[in-house]
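K.L.:
One-letter residues, chain by chain:
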Amino acid sequence: MSDAVTAVSWLLKQAEPEARRLAAQQMVKVPARQVCDLLILALADEDWRVRKEAAVVASSIEARDEVTAALIAALDEKVNVGLRNAAVEALVAIGSSAVPATVNALQRLDADGRKLAVEILGGIPDDRSVLALTLALADDDANVRSAAAEALGSADRAGDEARSIAVNALVLVLSSDEVFLKLAALDALTRLGADLPWKTFEPFIRDPVLRRYAISAAARSDDVDALDALALATADPSRTIVREAVVAIGERLFGYPSDLAFKNEIERRVRAVPMAHERVRAFAKQSDDHRARAAAFLVLGLFGDTVDIPIFVEALIDDELLQHAERALQCFGSEAVGPLLAVARGEEPAVRASVLSLVPTLQPGPTPELHDTIVAALSDDSPEVVAAALRVLASSGNARDIAKIATFATHADLRVAAAAGAALSSLATRHAKEARKAFEGVGASSPEASIACLVIGALARVGAVQDDDLAVLDLALAHGDARARRAALDALAVVGGDAAADAITFALADEERDVQLAAIRALGVLGRTEVLTSVVAGERDPGLIAAALRALSVRDPDATFEAARPLVSSPDPSIASAAVEAIGRLGAARHRDVLFEALAHKDPEVVKVALSEISSQLDARALTHLGKCLDHESWEVRRLACELLGSHARDGVQSMLHARLEREKDPLVREALTMALSIRPSALSSHAAASPSSVASPGGEAR
Amino acid sequence: MPKPPGPWSEPSLKPEEYRLLRDLISARTGILFGPDARFSLERRLRERIAALNLSSFAEYHHYLRFHPLSNAEWEEATELLTTNETYLFRESYQLRAFKEEILPMLATLARPRRRLTVWSAGCSTGEEVYTLAILILESGLFQTSQIRVYGSDISKRCVAAARRGVYGAAAFRATPPELKRQYFTEQPDGFHVIDRVRGMCHFGQMNLLNDDKAKLLGRQDAIFCRNVLIYIDAPARKKIIDVFLERLYPGGVLFLGHSESLLNVSTAFELLHLKEDLVYRKPVMSLRDPSNG
Ligand SMILES: C[S@@+](CC[C@H](N)C(=O)[O-])C[C@H]1O[C@@H](n2cnc3c(N)ncnc32)[C@H](O)[C@@H]1O
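Heads up: the protein sequence lines correspond to chains A and B, in order. Residue 311 in this note's numbering sits at position 311 of the first sequence, with consecutive numbering throughout. Residue 273 in this note's numbering sits at position 273 of the second sequence, with consecutive numbering throughout.
Hint data in this document are derived by calculation from the structure and do not stem from the laboratory. One or more of the hints may lead you astray.
Under the rule of at most 25 Å between Cα atoms (straight-line distance), these lysine to any residue pairs were calculated in the SDA-like manner [what the hints assert, rightly or not]: (1) Lys156(B) x Lys602(A); (2) Lys215(B) x Lys433(A); (3) Lys213(B) x Lys13(A); (4) Lys239(B) x Asp541(A); (5) Lys213(B) x Ser569(A); (6) Lys156(B) x Thr624(A); (7) Lys156(B) x Ser553(A); (8) Lys213(B) x Thr529(A); (9) Lys215(B) x Asp189(B); (10) Lys13(A) x Asp37(A); (11) Lys437(A) x Lys239(B); (12) Lys115(A) x Ala138(A); (13) Lys602(A) x Thr624(A); (14) Lys437(A) x Leu64(B); (15) Lys215(B) x Val554(A); (16) Lys215(B) x Ala537(A); (17) Lys239(B) x Trp74(B); (18) Lys52(A) x Val88(A); (19) Lys665(A) x Ser612(A); (20) Lys215(B) x Ala72(B); (21) Lys156(B) x Glu539(A); (22) Lys433(A) x Asp381(A); (23) Lys238(B) x Ala537(A); (24) Lys215(B) x Ser534(A); (25) Lys238(B) x Pro310(A); (26) Lys156(B) x Lys52(A); (27) Lys602(A) x Pro573(A); (28) Lys213(B) x Lys14(B).
Remember, predicted model here, so these are calculated numbers, not experimental data.
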């Protein structure tokens, strides 16, 4: 007997589970002849840690055929369930080379054993497993048949061809009389993202168990009967069914706003269904089921009943529901304006602000009444509301508003000041004369100097500067308030010319960082690439470097690359990250090598930025590099690599992730890996944009 | 028994600490502290030790070198280390020479460019900058829109004060009364430089030892660097003079304070003898400047 055999056998007999686990670990050293018995012994251990270790080790034992045979034999085990399950796990870990033996075993094992074999085949991405599983759909035993259907739901891991074989086989099963088999098949088809005609699902619309699949399929169809069925379901006595229908309709409306045909057809139908309105409204009002509530908003909008408007108003301050509420209100058009403003009056500032910004989008042309309402909102107590009103006036205001808006440009609240500035410069471009009048009395050294600069900047944009404007800007550059200096720089950038460029360049030496940033932006507008390049090379402040790179990239991608490249290896992580980001933003294929180089940076933050930039275009090389990061020493990098790879379904990627999962110790990375392995965007994501067929899934839990 | 340290026991600057700090300061700012300056340095920096809650100057030295917030601390220290004494129309004989002899010369030189640019390097609170702007206006040789006077200083506080352009009576000790009347307006907080002059003047924060920053200035017709180099050690002085040479147009002039000279610093300038003063001029044909080929 070899030393290894003696040692492992001795360890396996110890009372201490940890000793037996060590034995399992050492199994690889045992010669082929004796290893199988010892392995089975370990797989049959009473302690799960020992079994787990043995299952993992099994795949690295050299005598693969012998081990596989022994494991298959263990599937016959009737008493020790732990052994049986551990054998399944070990065979899955062995992977493709265990497939032929498992397929053979399907012919001779009893029903329990066959079910296990089906599980194994489902766990190994391989076309031969998929074929065997399609045959197992006709197994004598009902449990085996259902298990096979379920297992086929992951056939896409074996490639596109395997996926379509699985889909075809599963569709055939749908005409059987076995409810459980059909249920498993429908579930598997959903997981595979199969795009099937309504006809396939129609028979299930009256089946109490299967109808939810039919409903979600109906929402993917344009078939008249499907839409009828869908509309009817919104008033079904079963709450589950109503939810299914509401989610299916609402999500299609939300996801495909330009599909007006669907909107009109379904609107006509739901309006005709008695009780539908009440049932949908109930979903829109309840607050715990976010998904259903959001979808219900869009369906409720179809009824166009202004009584429902308060339901939407509440949601305008909920980030997750805001868009849905807005879309619902859009169904009402200008009819919603009056009621909306009325409801908003008693609400908190955030709601009032939201309503103000929304109202103009509901009205094709601004009416005088609406304009008065917006102007009146400028006297609101809340800066949030005032800022919202100013934002609306930026696009819909008129020349007479300019003077009033100007009074907000130096407001103490920065949101208000910024909104007023934007409104002022937008109106100035349309009403030059009135804008000039607004700052006539404003001296360039007065506290309102920034207004004058803002207006001059806007006028310069439409070619309406005058000679003495430059003197105003020069003086504003000498202003004690950095805001005025910034505004002067913004304006000088538009005015342009050598004198302006010199003044702007010198402003890089301003003692205030905000002014320096404005100078960098202005240099970008002027296209002074040499100065920006020297800022990148000479600056130590990462924020300024990043700003300079950004300004540079607008005008001159090549110069940006040349300037950023040496900084990629800067020991300062924020500088290196700024450089990586800048190069990534350029999006040029020929710069990708530098991004790959950045993956070797010592600081994990830099590596993460590089990973994100690389992942915007996942070709084979990028995948290889991402794969390498699965072994990075920082768990954060590993986790990000998992997440990025997980969104990319390719055969190689899946096995890379599987392999990592075996070794990974960090719980957060393991979680990311498990997530990554369960997200299967598969082939359907490519045609998702063209048709809604892959959007809804029954119950929504499947993915 | 030694007394426990308390608010009453301020740390003193030990000789070895002094040497370390002195070298660090001179490397970063060029500011010179000679053999007798230990107590002066101690007095200037003592408040920072208290503000940062440190217990010795050795710790402060370490802070300036390695602390993540050291950049901000350098700003604070700089305010305390610099000598900012200045006033309007300082050293009038030199200013007369500038107005009467140099400006006409520069007017010819700058005519094709239609712009005159002058830099006051180490401008402190701005008095020199406004003085130069007023002199140029007074010469009648240039239009307001053609004149730019740049002022730079290492001290942030000085730059902000300079930009305000508000001065108390003491700043006017050498100012001709008619010029004070013409170019300043009296307000409750002091005398304000008029807007016409302020619009010609631009200010920025700049360490003269950082030549990247100096490049932010375009080429200059004249540079004034008066009463700055006296506080600066020899190697730094040499570096700064090189920057000036580089920034001047060929034929541009450099004014130093009355007690300062380029002796032992640079031979690249030529000496220009004026009626009352000596100034340095960048040769029109300079071998070191590729821009005049
Ligand atoms: C005494 S004042 C001279 C002011 C003015 N030039 C005059 O002659 O009246 C010296 C100024 O030089 C500045 N200074 C010292 N070292 C400097 C450096 N390395 N870079 C820029 N300025 C510096 C100081 O902050 C101070 O404000």
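K.L.:
So, for every hint listed, does it hold in this structure?
P.N.:
Tested hints:
| no. | hint | result |
| --- | --- | --- |
| 1 | Lys156(B) x Lys602(A) | 35 Å, violated |
| 2 | Lys215(B) x Lys433(A) | 40 Å, violated |
| 3 | Lys213(B) x Lys13(A) | 77 Å, violated |
| 4 | Lys239(B) x Asp541(A) | 24 Å, holds |
| 5 | Lys213(B) x Ser569(A) | 24 Å, holds |
| 6 | Lys156(B) x Thr624(A) | 51 Å, violated |
| 7 | Lys156(B) x Ser553(A) | 31 Å, violated |
| 8 | Lys213(B) x Thr529(A) | 16 Å, holds |
| 9 | Lys215(B) x Asp189(B) | 36 Å, violated |
| 10 | Lys13(A) x Asp37(A) | 14 Å, holds |
| 11 | Lys437(A) x Lys239(B) | 51 Å, violated |
| 12 | Lys115(A) x Ala138(A) | 13 Å, holds |
| 13 | Lys602(A) x Thr624(A) | 20 Å, holds |
| 14 | Lys437(A) x Leu64(B) | 52 Å, violated |
| 15 | Lys215(B) x Val554(A) | 23 Å, holds |
| 16 | Lys215(B) x Ala537(A) | 13 Å, holds |
| 17 | Lys239(B) x Trp74(B) | 21 Å, holds |
| 18 | Lys52(A) x Val88(A) | 11 Å, holds |
| 19 | Lys665(A) x Ser612(A) | 23 Å, holds |
| 20 | Lys215(B) x Ala72(B) | 23 Å, holds |
| 21 | Lys156(B) x Glu539(A) | 18 Å, holds |
| 22 | Lys433(A) x Asp381(A) | 31 Å, violated |
| 23 | Lys238(B) x Ala537(A) | 24 Å, holds |
| 24 | Lys215(B) x Ser534(A) | 9 Å, holds |
| 25 | Lys238(B) x Pro310(A) | 75 Å, violated |
| 26 | Lys156(B) x Lys52(A) | 67 Å, violated |
| 27 | Lys602(A) x Pro573(A) | 9 Å, holds |
| 28 | Lys213(B) x Lys14(B) | 35 Å, violated |
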